[in-house]
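Keeping their order, the protein sequence lines are chains A and B. If you count the first sequence from 1, position 79 lands on 79 in this note's numbering, and the numbers rise without skipping. If you count the second sequence from 1, position 189 lands on 189 in this note's numbering, and the numbers rise without skipping.
Hints listed in this document are in silico derivations from the structure and should not be mistaken for laboratory results. A hint or two may mislead.
Stated by the list, open to error - Each pair of labels, with its calculated beta carbon distance range:
hint: 1; chain 1: A; residue 1: E268; chain 2: B; residue 2: S280; range: 55 to 65 Å
hint: 2; chain 1: B; residue 1: S236; chain 2: A; residue 2: K173; range: 50 to 60 Å
hint: 3; chain 1: B; residue 1: P215; chain 2: A; residue 2: K173; range: 38 to 48 Å
Cβ coordinates follow ideal geometry from the N, Cα and C atoms, glycine included.
Listed below are the residues making up each chain.
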Amino acid sequence: MEKIQVNGIVKTYGSKQKKLTALDHVSFTVKEGELFGLIGPDGAGKTSLFRILTTLLLADSGTATVNGMDVVKEYKAIRKQVGYMPGRFSLYPDLTVKENLAFFATIFQTDVNENYSLIKDIYEQIAPFENRRADKLSGGMKQKLALSCALIHKPTVLFLDEPTTGVDAVSRKEFWEMLKGLKQQGITILVSTPYMDEAALCDRVALIQDGHIMQVNTPADVINGFGKKILAVKSSDMLSLLQLVKQMPGVLDAYPFGEYHHLVLADEQVKLDFPGEVTVKETAPDIEDCFMLLMKNHAA
Amino acid sequence: MKQFRSFIRKEFYHILRDRRTLFILLGMPVIQIIIFGFALTNEVTNSKYAVLDNAKDIVSQKLIQRIEASQYFEGATRLYSYDDIAKAFRKGAIKIAIVIPPHFAEDLGQLHTAQVQLVADASDPNVANTLVNYASAIINDFQQNEFNKDQQLPYRILAEQRMLYNPQLKGAYNFVPGVMAMVLLLVCTMMTAITIVKEKETGTMEIMLVSPLQPLLIVVAKAVPYLLLSIINIISILLLSVYVLEVPVQGNLFLLIGESILFTLVSLSLGLLISAGSNSQQTAMFISLIGMFLPTVMFSGFMFPVENMPKPMQVISNIVPAKWYYTVVKSVMIKGVGFKAIWKETLVLTAMLFFFLGMAIRNFKIRLA
Numbered sequence: 001m002e003k004i005q006v007n008g009i010v011k012t013y014g015s016k017q018k019k020l021t022a023l024d025h026v027s028f029t030v031k032e033g034e035l036f037g038l039i040g041p042d043g044a045g046k047t048s049l050f051r052i053l054t055t056l057l058l059a060d061s062g063t064a065t066v067n068g069m070d071v072v073k074e075y076k077a078i079r080k081q082v083g084y085m086p087g088r089f090s091l092y093p094d095l096t097v098k099e100n101l102a103f104f105a106t107i108f109q110t111d112v113n114e115n116y117s118l119i120k121d122i123y124e125q126i127a128p129f130e131n132r133r134a135d136k137l138s139g140g141m142k143q144k145l146a147l148s149c150a151l152i153h154k155p156t157v158l159f160l161d162e163p164t165t166g167v168d169a170v171s172r173k174e175f176w177e178m179l180k181g182l183k184q185q186g187i188t189i190l191v192s193t194p195y196m197d198e199a200a201l202c203d204r205v206a207l208i209q210d211g212h213i214m215q216v217n218t219p220a221d222v223i224n225g226f227g228k229k230i231l232a233v234k235s236s237d238m239l240s241l242l243q244l245v246k247q248m249p250g251v252l253d254a255y256p257f258g259e260y261h262h263l264v265l266a267d268e269q270v271k272l273d274f275p276g277e278v279t280v281k282e283t284a285p286d287i288e289d290c291f292m293l294l295m296k297n298h299a300a
Numbered sequence: 001m002k003q004f005r006s007f008i009r010k011e012f013y014h015i016l017r018d019r020r021t022l023f024i025l026l027g028m029p030v031i032q033i034i035i036f037g038f039a040l041t042n043e044v045t046n047s048k049y050a051v052l053d054n055a056k057d058i059v060s061q062k063l064i065q066r067i068e069a070s071q072y073f074e075g076a077t078r079l080y081s082y083d084d085i086a087k088a089f090r091k092g093a094i095k096i097a098i099v100i101p102p103h104f105a106e107d108l109g110q111l112h113t114a115q116v117q118l119v120a121d122a123s124d125p126n127v128a129n130t131l132v133n134y135a136s137a138i139i140n141d142f143q144q145n146e147f148n149k150d151q152q153l154p155y156r157i158l159a160e161q162r163m164l165y166n167p168q169l170k171g172a173y174n175f176v177p178g179v180m181a182m183v184l185l186l187v188c189t190m191m192t193a194i195t196i197v198k199e200k201e202t203g204t205m206e207i208m209l210v211s212p213l214q215p216l217l218i219v220v221a222k223a224v225p226y227l228l229l230s231i232i233n234i235i236s237i238l239l240l241s242v243y244v245l246e247v248p249v250q251g252n253l254f255l256l257i258g259e260s261i262l263f264t265l266v267s268l269s270l271g272l273l274i275s276a277g278s279n280s281q282q283t284a285m286f287i288s289l290i291g292m293f294l295p296t297v298m299f300s301g302f303m304f305p306v307e308n309m310p311k312p313m314q315v316i317s318n319i320v321p322a323k324w325y326y327t328v329v330k331s332v333m334i335k336g337v338g339f340k341a342i343w344k345e346t347l348v349l350t351a352m353l354f355f356f357l358g359m360a361i362r363n364f365k366i367r368l369a
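With the rest of the complex left out, here is chain B (with noise of 0.2 Å):
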């Protein structure tokens, strides 16, 4: 026991001494959370666009002015001929263009229909698709208020929608889970294998080796220090995220936090694995970054969503660990359930932690060769 807390005191001497690697540790989330937060966003806001319109009366004044008044548009550039349009789509002023056909008010008022046309910039199909929905749903929103106010329709049909969980369709909802799952991954996946590597390195290790401490021993020790910096990691993020971002934790917070220690423990058990397969700081990085951060990235469903991959990956995207830690955030601090809901998701990563640990203590090597 004597040994264990001396080894420990001596890992956080080696934390502690090394300022800037902490400022990197505990400054990482908070940099993230923020530039994604304000600065890296899928919400498409304030686009530029042109209107082309061929009828110039007062409908299609009033629709414009609709349109204009929106937060989704703006910058309005006036177009005079087809060929216009192409232009300003080439020149990149404009994301869509609105073009309105002549007799647009005398279509609507003795036809009772008449079109418009949306030509969107689909090099980005994302951004096209939302820009094509802002401006049908103004574009609806604007025939019936004006329109069909009085007149009762006999039959018709509305679809409403509702946004469950997250009615504002914040960005936010979406990349808190993912930024917790990724910084206490890098954390404790590539510091962990880093901080065993390094004493291979600098030869600590052989005269650690010709000594009677437990390989289990260095291995634990080795791992509580990151464990205390990534619960000061979870709690700050949390903070941003409620207070910065307001995102509120829906759910049981104490769950939240138990399931973020768990999944932890599986990024430290993995970069113990790591640092037993590794003899050099830049093997160890290099595994953690392309074997772990980028599947993180790729396969957890925070960036792409895994439901929309073909099969094979969504097989391969099981044996990501962030991919069950995330489901468990959203469930937990999004939508609020508790943890019958998710027992699932905690079970695999119980079962990842056991595996993972068992094979880092196996593969501890008990010489140097």
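This is chain A alone, in the form it adopts within the complex (with noise of 0.2 Å):
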């Protein structure tokens, strides 16, 4: 069963004059129990689609269900039934770990103690915390906080809006183990995150770019269907060996990553001469190099 189902939806900002189109015709869906992830770059349109879809935005046109119910029409059932993590840290400052989460359980008619099992692996990381204000934690537990407040009530959909931006490797590590429990528990989450290699770690991922969904596929297939060789050049000065690489006849598209640069080649005959003192290897392609390509695709 469709858990989430997103049909052409499309959302403007702004006035006639200066429209900026943050979603054009975004359709995808969810399947029950998976885990999925909206990967997209800073001003993709990745909070507009969740607040759609979180009932807090009404789109300009297309239809959306969660679990099924409209998202205009039944908005107030979708609000009893899903969770929901803004982006931004969104509890209350002045008010204790153990209030904030008390307080979230009774405004979803609930109490911390029902649905305990469901954040405990969380929640107990926190607890030696219990006493202390929310704004005098650190990132990675205010993120844990937050994630506890918007589980306490058992939602059947889960809605996290880049729940791991600003946030040490380690906790965004251990953030990605409890999503996997999470789902093991059979709640749906649909995840959105500017770290391409946070994709890998999805069930299945939607790629997107200035409102367009570039592709919808199980993170595998993003790669496979890459079907070009990458060359990893680095040198003594990355800065100018970018300049020259970039100007050699059948290299489609280069750009720094990590410590090296990307050569996505044209086909597998291409040759490339290259002066001493640069090292060359041939490497596999991540969902990074397939996104790349397809900003560049999709902006051809």
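Hints in hand, dock the two standalone chains.
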């Protein structure tokens, strides 16, 4: 069964003269129990889409359903069943960890104990700081608290808008472990992130750029569909190397990638000559390479 | 109900943990009453004056002593020519000059009439007027006592004045109702407006909207703690005015408190309405101050009498809730009248309450945009 269905959603901001299209005919579906990732850079339209699905914004056109209910007509019912964690830390800074959790439990007409088993693993990590005010928590702890609050009423669908933005690498890893655990409890999760490396941790991903969904696929199939050869090059002067390789014939695209530059070759036959001091190796593409290529094709 | 209680508890946490704001909320009425009571007063006393005594006889000396003895005037400057008057005014050393003509005593004794000139600095017309009145009263009084004691003039009309409700003409009788209106409006309107907008700013409103909470519940739960704070303020203002400023509550205390709560509710619903239309705390504060506080000061009749305003202004003053409340407090507290005399004002306030509250709930956004 489809837990989330998005059909041709269009959302624009601003006046008629100066229109900004945030979402341009976006469509995809999320199946029950899926961990679905919405991957795209800042300003791609991820937050707008989340707000439309959580009934906070109205789309200009197109329809969407969550749990089979229309996001416009049946917004009240949806609000009872979903969990939402906005991109910004949105709990009460002057309330303690415990008070925040208890408050959100009551407004969702439940109490902390009723669904404690669901948040036990997450909450236990911040339980030692139960009486600390939320604004005195570290970034990772804030995020665990926010997740606990979003889960306290046992939602069937969980919306997480950039939950790992601004969180350190260790906490990010922990967070994705937690999401896996929640998925096993049968919760459907829609998560957005600007970090390409997190895409591989999702069941399926939608790659979004400038309000367009460029591809919806499993992470493995996104990479398999890449179909181009990639060279990783490195030298002592990376800046002039990038300028050099960009002008080489047969190079479709070149961009910095960690300590290397990645070169996408037009086809297998291309042979390139590099100056002596350049290290060259062939490498397998990952999601980021796919994203760069899709973006380039989309722009063209 | 559990949601409601929990929400109100949360609001109290917010208020009680923000000590500084709480201190301002509870301290403001006390400080305002004290400032208005002891510093900002439009009673004119101890004004510096000058005397140009061209007669220098016994009667003129007696008159000058009489003026000096009054609480309104002090520190006489002796002048010796007309030019000195202008000089003294220009220096700002005096507010009023009293000029006694030559042959003062003789004129009085023989012609039964004499003139005294009063020259006042009318750059502040109200002060000038008041001082001239005081001086005239003293001179009249002097004339009665000194000369007309034994003489029975056949036809004399004496106008006897009685200042009703406030025989001592205390300023406090006027500003206590005004401060009550101002404080309640500030605390309720501005604070409720800010507190809802704050939830929008921190993003907690976003979560609350994606929850089964009813908008009505959010709105009402936000207002309840400020209603309680306002009741504390009403009580502290009344205690201060009765025991420190000695302005008694002439009418029914419970009627006064009841009407104050009604006005508090009007202010709260105004605050809720403002919050529905603003997205930042600055906007909410700005609208509350410019849109609410200024009209309250200008149109409630507290600083400037509404009856003296041009007709259009008088009409505008009717939409200012504080004007009605100010009238109610003056009637109940100072004049001591009962509900019968203020039912009209009560009705207007009640209508305003339902109008603003209805608008606030209608305009409460169930979505972000």
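These are the hints, each one checked on the structure:
For the hinted restraint 55 to 65 Å between E268 (chain A) and S280 (chain B), the CB-CB distance of approximately 57 Å keeps it satisfied. For the pair S236 (chain B) and K173 (chain A), the supplied restraint of 50 to 60 Å holds, since their beta-carbon distance comes to about 56 Å. The given range of 38 to 48 Å is respected by P215 (chain B) and K173 (chain A), whose C-beta atoms sit roughly 40 Å from each other.
Against the hints set out earlier in the document, no violation occurs for any number.
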